[in-house]
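As numbered in the working numbering, residues 11 to 148 make up the sequence shown, in order.
Incorrect hints may have been included.
As the list claims (entries may be wrong) - Simulated restraints, written as ranges between beta carbons of each label pair: (1) Asp19 x Asp74: 24 to 30 Å; (2) Thr72 x Arg17: 23 to 29 Å; (3) Arg48 x Ala106: 32 to 38 Å; (4) Arg65 x Leu12: 16 to 22 Å.
Hints were generated in silico from the structure; no laboratory data involved.
Just so it is clear, CB atoms sit at the ideal spot from N, CA and C, and this is done for glycine as well.
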Amino acid sequence: MLAIRDRIDAGYAAPLDLDSLATAAHLSPDHLIRTFARVFGETPHRYLQRRRVERAMFLLRTTDTPVTEICVQVGFTSLGSFTRTFRAIVGESPTAHRRRGPLPRSLGCFAMSWMRPSTATHPANSSISEKRDGAPNA
Numbered sequence: 011m012l013a014i015r016d017r018i019d020a021g022y023a024a025p026l027d028l029d030s031l032a033t034a035a036h037l038s039p040d041h042l043i044r045t046f047a048r049v050f051g052e053t054p055h056r057y058l059q060r061r062r063v064e065r066a067m068f069l070l071r072t073t074d075t076p077v078t079e080i081c082v083q084v085g086f087t088s089l090g091s092f093t094r095t096f097r098a099i100v101g102e103s104p105t106a107h108r109r110r111g112p113l114p115r116s117l118g119c120f121a122m123s124w125m126r127p128s129t130a131t132h133p134a135n136s137s138i139s140e141k142r143d144g145a146p147n148a
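Hey, can you work out the whole structure from these sequences and the hints?
Now the structure itself:
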């Protein structure tokens, strides 16, 4: 599943192609969705939306690029769906987020983790926990 998540991360601006992801994972598309959600706590589509919004958050705070152009750069095809998704994940509109001003100067890795929207705010399935290194689920 990590390889599938990496493929989604690498091509976040492209449309999600579940069939090719499923083929790469040697699973059916439905089984891929269920397994991905069990492992990561959200569906591949929701994960992709969150990654796109994370990138948009960064661009909004660090560039003067118009919101419409950022919308297209991060892979949304409609300004309305971008704004609706952004508001659902971040809790404010893209324009309101931009008004917060530039990011504070800090280490890049810290800034990225600090800005990252929490899946706890909008969980896909809060009863699912990830199993790591053979440890039993808690």
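Structure versus earlier hints - violations, ascending order = none
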